[in-house]
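S.K.: Chains as they are written, first to last, in the numbering used here: chain A, 594 to 740; chain B, 594 to 740; chain C, 594 to 740; chain D, 594 to 740.
Keep in mind that the hints were calculated from the coordinates and are not lab data.
Hints are supplied without guarantee of correctness; some may be wrong.
If several chains are the same, the list does not tell them apart, and a pair holds so long as it fits within one copy or across any two.
Computed cross-link-like contacts, BS3-like style, restricted to lysine-lysine with a CA-CA straight-line distance of at most 27 Å [to be verified]:
| id | residue 1 | residue 2 |
| --- | --- | --- |
| 1 | Lys680 | Lys647 |
| 2 | Lys740 | Lys680 |
| 3 | Lys705 | Lys734 |
| 4 | Lys680 | Lys734 |
| 5 | Lys680 | Lys725 |
| 6 | Lys601 | Lys725 |
| 7 | Lys595 | Lys725 |
| 8 | Lys734 | Lys595 |
| 9 | Lys705 | Lys725 |
4 protein chains.
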Amino acid sequence: MKQISYIKDIDTWRAGFSFSIPINIRFSETDMFGHVNNVSPFIYFEEARIEFLKTIGLFDDPNNDEGMPIVADLQCDYLQQMFFGEKINLYVRVDHVGNTSLDVHYMALNEKGEISLTGRGRMVYIHPGTGKPIQITDEIKQALLEK
Amino acid sequence: MKQISYIKDIDTWRAGFSFSIPINIRFSETDMFGHVNNVSPFIYFEEARIEFLKTIGLFDDPNNDEGMPIVADLQCDYLQQMFFGEKINLYVRVDHVGNTSLDVHYMALNEKGEISLTGRGRMVYIHPGTGKPIQITDEIKQALLEK
Amino acid sequence: MKQISYIKDIDTWRAGFSFSIPINIRFSETDMFGHVNNVSPFIYFEEARIEFLKTIGLFDDPNNDEGMPIVADLQCDYLQQMFFGEKINLYVRVDHVGNTSLDVHYMALNEKGEISLTGRGRMVYIHPGTGKPIQITDEIKQALLEK
Amino acid sequence: MKQISYIKDIDTWRAGFSFSIPINIRFSETDMFGHVNNVSPFIYFEEARIEFLKTIGLFDDPNNDEGMPIVADLQCDYLQQMFFGEKINLYVRVDHVGNTSLDVHYMALNEKGEISLTGRGRMVYIHPGTGKPIQITDEIKQALLEK
C-alpha cells in the first residue's frame, strides 16, 4: 500500500475504528468513467461525520452557547475504485483532540473488507455567535475520544 | 417530436424565449451511463431561473416585505441525451402569471440548435414572513412577462 | 390539496403504492434556504426507481438483449418542505404500461405520514444496442404492474 | 494564516499560478448553514483540473495509448467561507512531476483577491487499458510544468 502521511501503521490504524455507517451509493454519484465520482467520498465523509457528532450531541443544537465544530480541512486517498451497487461501510473516529480543534479520521471498507478510501480532516471548535475558536471542555474531549 | 402537454406548437413556443444563460456541464454531473445524469437538468433549471429572477429583482432580497416566488412543481422532458463537453444554452421565460403564481418555461438548446430539454414549473408568490401566497402586483406581472 | 394532473383521487392514489425505500437526506442535499433543495427529490426518485426496477430484474444487466427502460420525462410536486434529519419513505409504482413505455409514479411520506412529494415520469423501453423503443413483453408488463 | 503542509511561503506559492477558470457557484451547492457546502470545492477542483488538462491534450481522448492521469488523493483547506453569488476564480497548476505521477495544486480567489481555498492532489499517469502506472514522457512533463 502507498504511504499516507496520517497513517503510521495501517493495521493499527484500521483497528482503531469502531463507529461506522452504511453508505448507499447513489446512481447520480457515479460519473461517465463508470465508477463513483471523485467528489462523492466527501459527501460520504460528511454524512458519517454528522452521524458521529450526533451521537455525542455535537450536531443537535447549532445555536447553543457551548460551541460547534466546523471543518477546517479535508483530504481523501482513493485506494480502490468504488462502483454503483457496492455496499460500503464508512468508519469515523477522532484521532486527536487539541485545545480548540480535533482531527477526524475516515475509512471506507467494501464488502470484501478491503479499504476503498482513507481520509482525515481537522475541525475547529467555534462559538456559533462569535465564530471564534473556543476551548474544548474535558468532558467533550473524553466523549470524542471514547466513541 | 413527441407530444408535450405544455407545448402547443413547438416553433411558436421556441420563438417565445429570449433570456438564456450558458450551462457549463460539470464532470460530476455525468453518470455511469456516459451522459449527463437525469437529475442534472433540474440543477440547470434552478441556475437559469435564479439568474432570470435576479434580472427583475425577485431574488436579491428574500427578506423583503414584497413577496418571493417559491417552486411548487417542476417537470422536464428529455429530448436529446446531453454529454460532457457540450455547450448548452438554457432559456427561461414566464409563460403565464396568475394572481399569486406564475408558470415558468425552460428550454435547453445544444450547439447544433437542437432542443435537448424542455421543462416547466409553477412558482407561488409568498410572503417570506407568513409563508402565505400573496397577490402579484401589476408592476411585477408586467416585468415577468416582458423579460 | 392542490390539483395535480396525474392524481384523480388522492386517497385511492396513495393506497395504490406498496413498494418503498427509506431515504436518507444528506446534509449536502440541503440549501441556504434551510431545507432540502428542490433538485434533491429527483435524486431520491432515481434511487427508488432503480431499486424498484432491480426487484424485477430490469436494472441488473443493461447489456442484455431484452431491452431496458430509460427516462423520457420526470415531474415533481412539492407539497411539504423537507428538512435535514427527517425520515422519508419514497414509494414507487408503475401506473400504466403501454406497448413500449411505462408510467412510473412516486410518493414521499414523512414521519407523520404526510405526503411531502408526489411525482411521475414516463420511461421508454429501448433496445440497448439500437436505442430504439421495443415492445414490452406480457411477462414484464405483468411483473411491472403486480409489484 | 494557518500552516498548510504543502505551502512553504504563501506569497511565492500564490505567485506560481497563472491558469484559472471562473467558478459559477450553484444554488444547489449551498447548504442549510447558509454558505457553500464543504463538498462543493471538490466539484470546482475537478472542473478546473479537467479544463487545465484539456489545454495540454490530456483529457481529450481517454482511449488513447499514451496514458491518462487519474486522481490518487485530494485535499482542501477552507480559508474563507464562500457564499452564493460570489465570483470565484479557481487556479490550477502542476507543482511537481515524477516518473509516473504529478502533484496538482489549487487556489480559489474571491472578488477581493483573498484566498478562499487552497488544495492539492496527486494524479497517477496510467495506461487506460492495463490500469498500470506508466512513464510520463519528457514532452508531457514539460507541457505540464510550463502551463
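S.K.: With identical chains treated as interchangeable, where does the CA-CA distance between Lys595 and Lys725 reach 27 Å or less: within a copy, between copies, both, or neither?
M.R.: Between copies only: 14 Å across, 37 Å inside.
S.K.: Using 27 Å as the alpha-carbon threshold, which applies to Lys734 and Lys595: within, between, both, or neither?
M.R.: between (32 Å within a copy, 23 Å between copies)
S.K.: Between the shortest in-copy and the shortest cross-copy C-alpha distance, which are at most 27 Å for Lys601 and Lys725: within, between, both, or neither?
M.R.: This pair counts as between: shortest inter-copy Cα distance 26 Å, intra-copy 32 Å.
S.K.: Between Lys705 and Lys725, at a C-alpha cutoff of 27 Å, which is it: within one copy, between copies, both, or neither?
M.R.: Cα proximity of Lys705 and Lys725: across copies only (22 Å, versus 43 Å in one copy).
S.K.: Please work out whether the CA atoms of Lys740 and Lys680 approach to 27 Å or closer within one copy, between two copies, in both situations, or in neither?
M.R.: Intra 23 Å, inter 24 Å, cutoff 27 Å: intra and inter.
S.K.: Reference check for the pair Lys680 and Lys734, CA-CA at most 27 Å: within, between, both, or neither?
M.R.: This pair counts as neither: shortest intra-copy Cα distance 32 Å, inter-copy 30 Å.
S.K.: Check Lys680 against Lys647 for me: Cα-Cα at most 27 Å, and say if that holds within a copy, between copies, both or neither.
M.R.: both (23 Å within a copy, 15 Å between copies)
S.K.: For Lys705 and Lys734, with the copy left unspecified, which applies at a CA distance of at most 27 Å: within, between, both, or neither?
M.R.: The answer is neither: 34 Å in one copy and 37 Å across copies each exceed 27 Å.
S.K.: Checking Lys680 and Lys725: alpha-carbon separation at most 27 Å within a copy, between copies, both or neither?
M.R.: For Lys680 and Lys725, only the inter-copy Cα distance (26 Å) is at most 27 Å; the intra-copy one is 39 Å.
Figure legend: structure checked against the earlier numbered hints; hints not met, in rising order: 3 and 4.
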